[in-house]
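Asks: Chains as they are written, first to last, in the working numbering: chain H, 599 to 926; chain F, 2 to 350.
Incorrect hints may appear among the rest.
To be verified - Stretches of chain H that chain F covers, calculated by requiring three or more beta carbons in the stretch to come under 8 Å of a beta carbon on chain F:
1) 653-667
2) 773-786
3) 805-817
If you're looking for bench data, these hints aren't it; they were derived computationally from the structure.
Glycine included, C-beta positions come from ideal geometry on N, C-alpha and C.
One letter stands for each residue in the lines below.
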Amino acid sequence: MGFSLVEELPKLVWLVIGVAGFLAVIGVLLFLVDAGPKKTRTEWWQAALFLSPALVLLILGLVYPVFRTTLLSFMDGRGTAWVGLDNYVRMFTQPQILVVLRNTFLWVLFGPVMATAIGLFYALLVDRRRFESVAKSLIFMPMAISFVGASIIWKFVYAYRPAEADQIGLLNQLIVWFGGEPRLWLLETPLNTLLLIVVLIWVQAGFAMVVLSAAIKAIPDDIIEAARIDGTSVWSHFRHITLPSVWPTLMVVLITISVQTLKVFDIVRTMTGGQYETSVIANEMYAQAFRYGELGMGSALAVFLFVLVIPLVIVQMRTNRRLREEQR
Amino acid sequence: MSTTPQSPTAEEEGGGTRRSSPAPADGLGGRVPSLQPVAAKAAEQGARESAAARVRRRLSSTTASVIAIVIAALWTLPTAGLFISSFRPEQEIKTTGWWTMFTDPQLTLTNYREVLFSSSQGQLASYFVNSFVITVPSTVFVVLLAALAAYALAWVNFPGRDWLFLGIFALQIVPLQMSLVPLLRFFSQGVSIGDVQVLPAWDLPGAFAFTNVWVAHTIFGLPLGIFLLHNFVSQLPHSLFEAARVDGAGHGVLFRRVVLPLIVPALVSLAIFQFLWVWNDLLVALIFAGGDVSTAPLTVRLAELAGTRGNEWQRLTAGAFVSMVVPLIVFFTLQRYFVRGLLAGSVKG
Chain H
599 MGFSLVEELP
609 KLVWLVIGVA
619 GFLAVIGVLL
629 FLVDAGPKKT
639 RTEWWQAALF
649 LSPALVLLIL
659 GLVYPVFRTT
669 LLSFMDGRGT
679 AWVGLDNYVR
689 MFTQPQILVV
699 LRNTFLWVLF
709 GPVMATAIGL
719 FYALLVDRRR
729 FESVAKSLIF
739 MPMAISFVGA
749 SIIWKFVYAY
759 RPAEADQIGL
769 LNQLIVWFGG
779 EPRLWLLETP
789 LNTLLLIVVL
799 IWVQAGFAMV
809 VLSAAIKAIP
819 DDIIEAARID
829 GTSVWSHFRH
839 ITLPSVWPTL
849 MVVLITISVQ
859 TLKVFDIVRT
869 MTGGQYETSV
879 IANEMYAQAF
889 RYGELGMGSA
899 LAVFLFVLVI
909 PLVIVQMRTN
919 RRLREEQR
Chain F
2 MSTTPQSPTA
12 EEEGGGTRRS
22 SPAPADGLGG
32 RVPSLQPVAA
42 KAAEQGARES
52 AAARVRRRLS
62 STTASVIAIV
72 IAALWTLPTA
82 GLFISSFRPE
92 QEIKTTGWWT
102 MFTDPQLTLT
112 NYREVLFSSS
122 QGQLASYFVN
132 SFVITVPSTV
142 FVVLLAALAA
152 YALAWVNFPG
162 RDWLFLGIFA
172 LQIVPLQMSL
182 VPLLRFFSQG
192 VSIGDVQVLP
202 AWDLPGAFAF
212 TNVWVAHTIF
222 GLPLGIFLLH
232 NFVSQLPHSL
242 FEAARVDGAG
252 HGVLFRRVVL
262 PLIVPALVSL
272 AIFQFLWVWN
282 DLLVALIFAG
292 GDVSTAPLTV
302 RLAELAGTRG
312 NEWQRLTAGA
322 FVSMVVPLIV
332 FFTLQRYFVR
342 GLLAGSVKG
């Protein structure tokens with residue numbers, strides 16, 4: 599039995615019904631807005647109608663769960679009995695989870711910095727060149743691909759065949775061409791974690807490049823012109839003009855990628871499934887909560903992730919706001 | 002940086018060369034710095050340069066070009082390799098490298114046919130439909146609900162408005178992981194306050210099961226959506242609203258007839274982001290869509306194939322491209338909006 603359009607039909611019908619129903623509800627809502635009391639000083643009626651759909655969803659789906667998950671992190675695997683700080687103690691003592699924390703640390707250490715550095719370097723390299731837009735599109739393209747797709751692409755690069763056979767993976771073929779032995783890259787700890795980080799860098803460098811490129815172009819022309827007349831070298835131009843000008847943007851990019859990195863899940867899950875000591879917090883959280891049925895431990899990992907993210911996001915929002923105000 | 006006079010064409014759309022200014026103003030105003038005067042001056046200065054200096058500059062410019070091309074090749078090669086492989090016969094993919102294709106070209110569409118339609122090989126066509134059915138409503142819902150909320154938070158008069166906006170803004174911090182367990186419980190057990198069942202458990206059969214994923218994606222997309230659109234909506238001029246109110250138009254009419262048409266560019270930016278995010282998502286789908294052919298999207302199926310059939314490259318290569326086609330089309334046709342959205346800070350937290 600294969601694909602048949604008839605079997606897919608109910609899905610498409612439900613899609614149409616779902617969207618049409620939703621639009622109808624919104625239509626009625628907008629009608630009710632104007633049918634209600636008018637010209638009052640405080641527009642409670644209008645505010646309630648406009649905001650209630652979003653607010654109900656946010657309260658049920660985000661606000662309440664934050665408290666619930668925090669409570670669960672102090673409970674046992676099935677979420678029935680209180681265990682105090684047990685889950686957190688285990689998190690920082692169990693060797694298996696300590697490896698997870700170490701890996702997450704490696705990810706955050708290498709991923710964001712490398713992606714941002716490459717992005718900045720490339721943005722400078724192609725700035726104001728004839729082929730700029732094509733060159734940028736090539737680096738930027740991985741942003742459109744899912745992490746799952748990217749993982750398969752790179753798994754193929756790392757593919758292994760025994761030394762006597764022809765290699766099918768690019769990396770091993772390169773090694774062989776240079777006279778080395780092919781290796782099972784994804785099985786070697788901790789090298790495998792670094793090779794997974796390469797996938798993240800590959801995807802995020804494009805993001806860094808685009809945002810930084812915009813910042814580079816925003817440097818006022820008269821500053822660049824003044825520097826040119828002074829005859830500054832490329833390096834000192836970068837150090838004294840480009841870098842200070844794009845610094846706030848650089849920080850935002852770095853932090854944004856760091857937050858993404860902390861939550862990385864798809865790459866690990868697709869490439870190794872978290873085996874061979876490659877698991878990270880987000881992957882472990884999923885495994886604990888949804889595969890081993892350890893709700894308490896899973897929740898504790900989620901809370902830990904949340905705690906790691908908070909300071910980053912606060913710094914990011916501040917820098918972002920400052921950037922906006924400067925440009926206003 | 003090169004000093005040769007550059008054509009200002011680089012400033013047009015392309016890889017996002019617009020200024021990173023406060024998102025919305027940029028979107029509408031398009032403050033693209035002119036390169037004309039710089040280019041002219043550089044040319045004039047170039048004439049005064051010594052021949053040696055000019056040669057040196059030309060050389061360093063060439064080096065930079067070469068480095069740029071090398072990096073671009075490095076970035077493109079993995080994708081190209083997979084793409085080429087997806088057209089090679091199974092036996093070839095498994096025994097020789099894709100680069101041998103250039104000396105010994107053998108191409109076939111069998112991989113695509115099998116991976117799309119044969120149930121033993123993946124039946125990705127069904128999962129493709131699932132991805133589509135998951136993504137479209139999740140995008141429509143977020144865009145419209147966020148527009149409604151953003152409008153109210155900017156122009157409807159009620160006390161506590163700014164605090165409410167701040168609260169929603171802050172929700173962007175919350176990682177998905179924090180809400181997965183409780184949200185899944187809502188769907189499987191319903192909502193009860195004390196002993197009173199407020200909402201029944203959603204045990205939805207067949208195609209109705211998509212509703213869970215729609216709701217989950219809508220929730221996770223809202224904080225960012227509201228934030229982005231609020232930036233945009235709140236910058237519309239006051240006079241617009243006063244004129245309409247004098248005519249006796251209520252908020253409903255104002256929103257539909259005046260505001261919605263004006264914020265179309267922002268809506269498109271948000272829609273692209275949400276679309277790509279949902280289409281490419283794995284985690285939310287794994288938890289809320291279930292794993293079988295009736296509701297699971299492409300990403301879930303591919304991740305599964307990569308895990309259990311990791312060496313069946315004829316499926317993985319073709320399958321990966323089936324999943325990438327739609328985002329790539331969206332990306333390349335609407336790149337401008339995508340970049341504009343990026344510069345407005347629309348990266349999901």
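Asks: Does each hint hold? Answer for all of them.
Replies: Going down the list of hints, with the structure as the test:
Interface restraint, the region 653-667 of chain H with chain F: holds (12 residues with C-beta to C-beta distance below 8 Å; minimum three). Check result for the region 773-786 of chain H against chain F: violated, 0 residues qualifying (beta carbon to beta carbon below 8 Å, three or more required). Check result for the region 805-817 of chain H against chain F: holds, 9 residues qualifying (beta carbon to beta carbon below 8 Å, three or more required).
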